[in-house]
Amino acid sequence: MANATLEHGAVEHGLPGAYEAPLFGAYSKKVGMWLFLASDSLTFGALLFAFSYNRIYTPWPTPFHVQSIINSTIMTACLLSSSLTMVMAVFAAQRSDRAWTRNWLLATMVFGTAFIVLHGMEWSKLIGEGLTLPMFPKPAHASVGELAEISKNTPQFPATFFGLTAMHMLHVTIGVIYLGVIAFRKWFLPVLGLLWIAGYFLIPSDNVFHYGIHALGLGLLVAAVILFLKPKDYDAQDVEVSGLYWHFVDLVWMFIFPLVYLMSTKIN
Amino acid sequence: MHDVAKHDDSKGQYFWVWGALLVLTAVEVVLGYKQIFEPVHMLEVLLVLSIIKSALIIGYFMHLKYETGLMRWMLVISVTACFIIMYFFFFPDAGRILRLGVR
Numbered sequence: 006m007a008n009a010t011l012e013h014g015a016v017e018h019g020l021p022g023a024y025e026a027p028l029f030g031a032y033s034k035k036v037g038m039w040l041f042l043a044s045d046s047l048t049f050g051a052l053l054f055a056f057s058y059n060r061i062y063t064p065w066p067t068p069f070h071v072q073s074i075i076n077s078t079i080m081t082a083c084l085l086s087s088s089l090t091m092v093m094a095v096f097a098a099q100r101s102d103r104a105w106t107r108n109w110l111l112a113t114m115v116f117g118t119a120f121i122v123l124h125g126m127e128w129s130k131l132i133g134e135g136l137t138l139p140m141f142p143k144p145a146h147a148s149v150g151e152l153a154e155i156s157k158n159t160p161q162f163p164a165t166f167f168g169l170t171a172m173h174m175l176h177v178t179i180g181v182i183y184l185g186v187i188a189f190r191k192w193f194l195p196v197l198g199l200l201w202i203a204g205y206f207l208i209p210s211d212n213v214f215h216y217g218i219h220a221l222g223l224g225l226l227v228a229a230v231i232l233f234l235k236p237k238d239y240d241a242q243d244v245e246v247s248g249l250y251w252h253f254v255d256l257v258w259m260f261i262f263p264l265v266y267l268m269s270t271k272i273n
Numbered sequence: 004m005h006d007v008a009k010h011d012d013s014k015g016q017y018f019w020v021w022g023a024l025l026v027l028t029a030v031e032v033v034l035g036y037k038q039i040f041e042p043v044h045m046l047e048v049l050l051v052l053s054i055i056k057s058a059l060i061i062g063y064f065m066h067l068k069y070e071t072g073l074m075r076w077m078l079v080i081s082v083t084a085c086f087i088i089m090y091f092f093f094f095p096d097a098g099r100i101l102r103l104g105v106r
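Here the protein sequences line up with chains X and G, keeping their order.
In this text, residue positions in the first sequence follow our numbering: the first is 6, and each later residue adds one.
In this text, residue positions in the second sequence follow our numbering: the first is 4, and each later residue adds one.
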């Protein structure tokens, strides 16, 4: 955040070379996150270009009925609202108000989780109606219908749709875990472990998320290693850097939503 | 250097930005569902709205507006240049496929 911005030459030790002012006038964690986000934006850029590229030379289906559009609009509102609560968390962290930092981070995680759940329901509905990839587990009734025809005749559509949205959903999931670690530190690990195990046993085996839920297990492992190696109390800078990541997943959705959903709306 | 109090005083602007983002999303949904424009023009309009929304998110929520000019311009120019290069690599090839047909 701006208050943490360092100015060139702000610190003078009188020893040339003892302290070097940061290149961009910001602390290194923030610069590192910005550079990561710049590179990650190219990942999503490539996926969006791939989606658009396929669309140019393929008769493109328009499978999203009003229910899908309403669902994706609510998902968009969830992400936008989560960005606002994230900003509030950063402000609270700068005031050293630990309770409200945690509360706002929790609110952000709730919005993010709502997004993931709604997106998971949308995916399950589309897969149940026949929009699938060869590697997906097949529900029994998914072989007929409009979306099954799309999967058969225009396999580029499910490939680019699931590729793009899965990458984004993975980023949101990582973001929720990241915020959980910042807000609750080691206390978040058992919660994550329980969600992983419960998800694995509760989600039916013919649902793609029965396997996708293992992303939580991988997140648990990475978070545990990080907390073991550096068991620190996260400060305002850490909250701000996690906020940059969170706003980025919101930003990416601002392009996915119109390009993927609104440009493929089915008008009855 | 910016102080915390100054930002606390201007918290309201983040609610305005959030409201603007929701309104722009509603406009996109109406445009998409009513199909007011032809697909190519619709794509252009939706992309312009998305770029406005992303500028609001980057500028205000991610606070790039308050960073130093060097950081602002370095990030914006480098990422934009990469996207332009990607565009020139991808789309002439798509045009070639349109001319030659897909076998």
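One or more of the hints may lead you astray.
Distance windows between CB atoms, simulated [what the hints assert, rightly or not]:
| # | chain 1 | residue 1 | chain 2 | residue 2 | range |
| --- | --- | --- | --- | --- | --- |
| 1 | X | 158 | G | 15 | 35 to 45 Å |
| 2 | X | 205 | G | 26 | 22 to 32 Å |
| 3 | G | 51 | X | 63 | 41 to 51 Å |
Here are the simulated DSSO-like cross-link-like pairs (lysine-lysine), alpha carbons at most 30 Å apart as the crow flies [as the list claims (entries may be wrong)]:
| # | chain 1 | residue 1 | chain 2 | residue 2 |
| --- | --- | --- | --- | --- |
| 4 | G | 14 | X | 34 |
| 5 | X | 191 | X | 235 |
| 6 | G | 14 | G | 68 |
| 7 | G | 68 | X | 34 |
| 8 | G | 37 | X | 271 |
| 9 | G | 37 | X | 130 |
| 10 | X | 130 | X | 143 |
Hints were generated in silico from the structure; no laboratory data involved.
Backbone N, C-alpha and C define an ideal beta-carbon position, used for all residues, glycine too.
We went through each hint and held it up to the structure:
The hint said 35 to 45 Å for the Cβ distance between residue 158/X and residue 15/G, and at roughly 52 Å that hint is violated. Checking the proposed 22 to 32 Å range against residue 205/X and residue 26/G shows it is violated: the Cβ atoms sit about 41 Å from each other. For the pair residue 51/G and residue 63/X, the supplied restraint of 41 to 51 Å is violated, since their beta-carbon distance comes to about 25 Å. Of the supplied pair hints, the one linking residue 14/G and residue 34/X holds, its CA atoms being roughly 24 Å apart against a limit of 30 Å.
Taken as a hint, the residue 191/X and residue 235/X pair is honoured in the structure, with Cα atoms around 11 Å apart against an allowance of 30 Å. A C-alpha spacing of about 15 Å is found between residue 14/G and residue 68/G, which places the hinted pair at or below 30 Å, so the restraint holds. For the given pair, residue 68/G sits about 18 Å from residue 34/X by alpha-carbon distance, which is consistent with the 30 Å threshold. Using a Cα cut-off of 30 Å, the hinted pair residue 37/G and residue 271/X holds, with the two alpha carbons roughly 10 Å apart.
Between residue 37/G and residue 130/X, the direct Cα distance comes to roughly 24 Å. Compliance with the 30 Å bound is thereby established for this hinted pair. The hinted pair formed by residue 130/X and residue 143/X meets the criterion: a straight-line CA distance of about 12 Å does not exceed 30 Å.
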